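2 protein chains.
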Amino acid sequence: MRIIVDAMGGDKAPEEIVAGAIEAINQYDLDITFVGKEALIKPYIKGPEHLLKRVEVVNADEVIDNDESPVKAIRKKKNSSLVIGMNLLKEGKGDAFVSAGSTGALLSGGLFIVGRIEGIERPCLSPLFPNGDRFSMLMDAGANVDCKPLFLYQFAMMGSIYMEKVLKINRPKIGLINIGTEEGKGNKLVGETHDLLKESSLNYIGSVEARNILNNDADILLCDGFVGNVVLKLTEGVMMELMGQIKAELLKTTKGKIGGLLIKDSVKSLKARFDYSEYGGAPLLGLKQPIIKAHGSSDRKAILNAIRQSKLFIDHQVNHLIVKELNKGVKENDV
Amino acid sequence: MRIIVDAMGGDKAPEEIVAGAIEAINQYDLDITFVGKEALIKPYIKGPEHLLKRVEVVNADEVIDNDESPVKAIRKKKNSSLVIGMNLLKEGKGDAFVSAGSTGALLSGGLFIVGRIEGIERPCLSPLFPNGDRFSMLMDAGANVDCKPLFLYQFAMMGSIYMEKVLKINRPKIGLINIGTEEGKGNKLVGETHDLLKESSLNYIGSVEARNILNNDADILLCDGFVGNVVLKLTEGVMMELMGQIKAELLKTTKGKIGGLLIKDSVKSLKARFDYSEYGGAPLLGLKQPIIKAHGSSDRKAILNAIRQSKLFIDHQVNHLIVKELNKGVKENDV
Numbered sequence: 506m507r508i509i510v511d512a513m514g515g516d517k518a519p520e521e522i523v524a525g526a527i528e529a530i531n532q533y534d535l536d537i538t539f540v541g542k543e544a545l546i547k548p549y550i551k552g553p554e555h556l557l558k559r560v561e562v563v564n565a566d567e568v569i570d571n572d573e574s575p576v577k578a579i580r581k582k583k584n585s586s587l588v589i590g591m592n593l594l595k596e597g598k599g600d601a602f603v604s605a606g607s608t609g610a611l612l613s614g615g616l617f618i619v620g621r622i623e624g625i626e627r628p629c630l631s632p633l634f635p636n637g638d639r640f641s642m643l644m645d646a647g648a649n650v651d652c653k654p655l656f657l658y659q660f661a662m663m664g665s666i667y668m669e670k671v672l673k674i675n676r677p678k679i680g681l682i683n684i685g686t687e688e689g690k691g692n693k694l695v696g697e698t699h700d701l702l703k704e705s706s707l708n709y710i711g712s713v714e715a716r717n718i719l720n721n722d723a724d725i726l727l728c729d730g731f732v733g734n735v736v737l738k739l740t741e742g743v744m745m746e747l748m749g750q751i752k753a754e755l756l757k758t759t760k761g762k763i764g765g766l767l768i769k770d771s772v773k774s775l776k777a778r779f780d781y782s783e784y785g786g787a788p789l790l791g792l793k794q795p796i797i798k799a800h801g802s803s804d805r806k807a808i809l810n811a812i813r814q815s816k817l818f819i820d821h822q823v824n825h826l827i828v829k830e831l832n833k834g835v836k837e838n839d840v
Numbered sequence: 506m507r508i509i510v511d512a513m514g515g516d517k518a519p520e521e522i523v524a525g526a527i528e529a530i531n532q533y534d535l536d537i538t539f540v541g542k543e544a545l546i547k548p549y550i551k552g553p554e555h556l557l558k559r560v561e562v563v564n565a566d567e568v569i570d571n572d573e574s575p576v577k578a579i580r581k582k583k584n585s586s587l588v589i590g591m592n593l594l595k596e597g598k599g600d601a602f603v604s605a606g607s608t609g610a611l612l613s614g615g616l617f618i619v620g621r622i623e624g625i626e627r628p629c630l631s632p633l634f635p636n637g638d639r640f641s642m643l644m645d646a647g648a649n650v651d652c653k654p655l656f657l658y659q660f661a662m663m664g665s666i667y668m669e670k671v672l673k674i675n676r677p678k679i680g681l682i683n684i685g686t687e688e689g690k691g692n693k694l695v696g697e698t699h700d701l702l703k704e705s706s707l708n709y710i711g712s713v714e715a716r717n718i719l720n721n722d723a724d725i726l727l728c729d730g731f732v733g734n735v736v737l738k739l740t741e742g743v744m745m746e747l748m749g750q751i752k753a754e755l756l757k758t759t760k761g762k763i764g765g766l767l768i769k770d771s772v773k774s775l776k777a778r779f780d781y782s783e784y785g786g787a788p789l790l791g792l793k794q795p796i797i798k799a800h801g802s803s804d805r806k807a808i809l810n811a812i813r814q815s816k817l818f819i820d821h822q823v824n825h826l827i828v829k830e831l832n833k834g835v836k837e838n839d840v
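Line by line, the protein sequences give chains A and B. Taken in order, the first sequence gives residues 506 to 840; the numbers are from our numbering. Taken in order, the second sequence gives residues 506 to 840; the numbers are from our numbering.
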């Protein structure tokens, strides 16, 4: 098994990316191809000989930035680590692609270079999201801002397979993000998706109210990519704002300052629970080959986790099972 | 000026509702009509004679609960405090209606009993939302789950007038809730609304990213009612979850427990900033007469604030200015 790694993507590239990937060779018994500026990557490729001989480097002179238009960047920067990496994946020179680079470019590249699984309407960006003391998959977190009910139904189907195989959750529970739990609540998309899911064989548990997104029974939280992205970013924003305001409030009094010092460790341990590096990357489900988007601020631990996820993705033949499920659907309809 | 108050709506009805309204007579020199179960309300109508003579009670034997279907409830419960109150408003027996009851029923009643301002496509639920050290208006917070660009444009227009007149903000800044700030980001609705706003005379400042909803430059945050309701409830949910988890984390260690005691006052003062009662009710903009929705957990202070808002709504002829603005639009189009 060979994982292609975008060595230039993310805030901590290339050092942390390279370090995490070399650790992955050691832990998960796989080969790595780094794509990026060779001169910048090589100094960080360090370790025992038996690991280093499993490493390949493919030079890529360009880097796609986060603020570039994704579609344009993919078209113009043919020599970027992201485009070259995806082309390697497409040509079968690796089994999965991991990148902490621009989400938009990764999605565009996934669509235009790697391509969709036949029968899948849209690929889905599917990060794991803190939910009480565990994690649920948020689908879609921003790949498709305008969705049809069938898209959401397919996200749920793909997410069920992924959660069952990669995260070992039996019959993953699917919840629809909504503005209430009563029947009939929600917009047109939610209503029609509800009807589709109710009739399906998926383990649909109904609506999850926005108030309970951080604490509910669902393993998969379903919504369109606009709402999903708002959920993802607003949650981060509220946490940062609240933490900041607590800090500011504590600094106003001596009592608060002392209290602040005493609670420091506890708050740190809480922050870790919401830390992306703890739960690795987000798969782009629905593409012909596995692509994992690691968080932009990924350190070596996050990259290690993202590679672990891509290994499980391959080991458990998630894409093969998605195709099988699609064909089952076709046969049922043919009867 | 006479304000009609739903004495039965909200978790703390009727005691706190009645107390807040009587305080409003004292502070704002107005008359109050309470609607609700007379026998339950009367014991709480207390105060000096010169205030009490400005109080009327209209009996209403039924109450609409939060978990009832709004449209059905409005149709069936003709003797509910909400329906009778709205009918009084419609008949001109009061100048505004304030209720802490079911948001859905209030919206349905607003539409079917009081009716829309001619030319306004949809009424908008417009609560004030914490934004840094001040408040912004969230439009729409849940009245219209499926919106067209024109609806959002009209919300912005109505909100601008309200913020300018009632909250004394000069040329309120309008931001569009979005998943990025770059041109071209967002879904179809956001894109088309962006075009409408850019061409308008409103003070449109572009997109506000979901991450910054609690800390941004806009006075009015614009979105469809589905997204708005998700924003409102998710923010509450994340805060509650985070506060709960901080508490649980602190209780794990002695150091944490002592720290927790020391920060208690600071956290309380922070909570107050996010407290609904501090900033009163949400106007339902776009209806023929002023209706203010007070938060379900309103205490006397929140009711006092909501009544103050309805007084300013009337004093500054917000609805008259909305009609004027609509007519200006028509004339411009006629040219």
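No wet-lab data here; the hints were simulated from the structure. Be aware that a few hints might be false.
Same chains, same label: a pair holds when it works inside one copy or across any pair of copies.
[Said to hold, decoys possible] Straight-line Cα separation of at most 30 Å, DSS-like style, residue types lysine-lysine; simulated pairs:
1) Lys776 / Lys760
2) Lys752 / Lys738
3) Lys517 / Lys752
4) Lys558 / Lys776
Source: prediction; values computed, not measured.
Results for each hint:
no.: 1; hint: Lys776 / Lys760; verdict: both (23 Å within a copy, 18 Å between copies)
no.: 2; hint: Lys752 / Lys738; verdict: both (21 Å within a copy, 24 Å between copies)
no.: 3; hint: Lys517 / Lys752; verdict: within (27 Å within a copy, 33 Å between copies)
no.: 4; hint: Lys558 / Lys776; verdict: neither (38 Å within a copy, 57 Å between copies)
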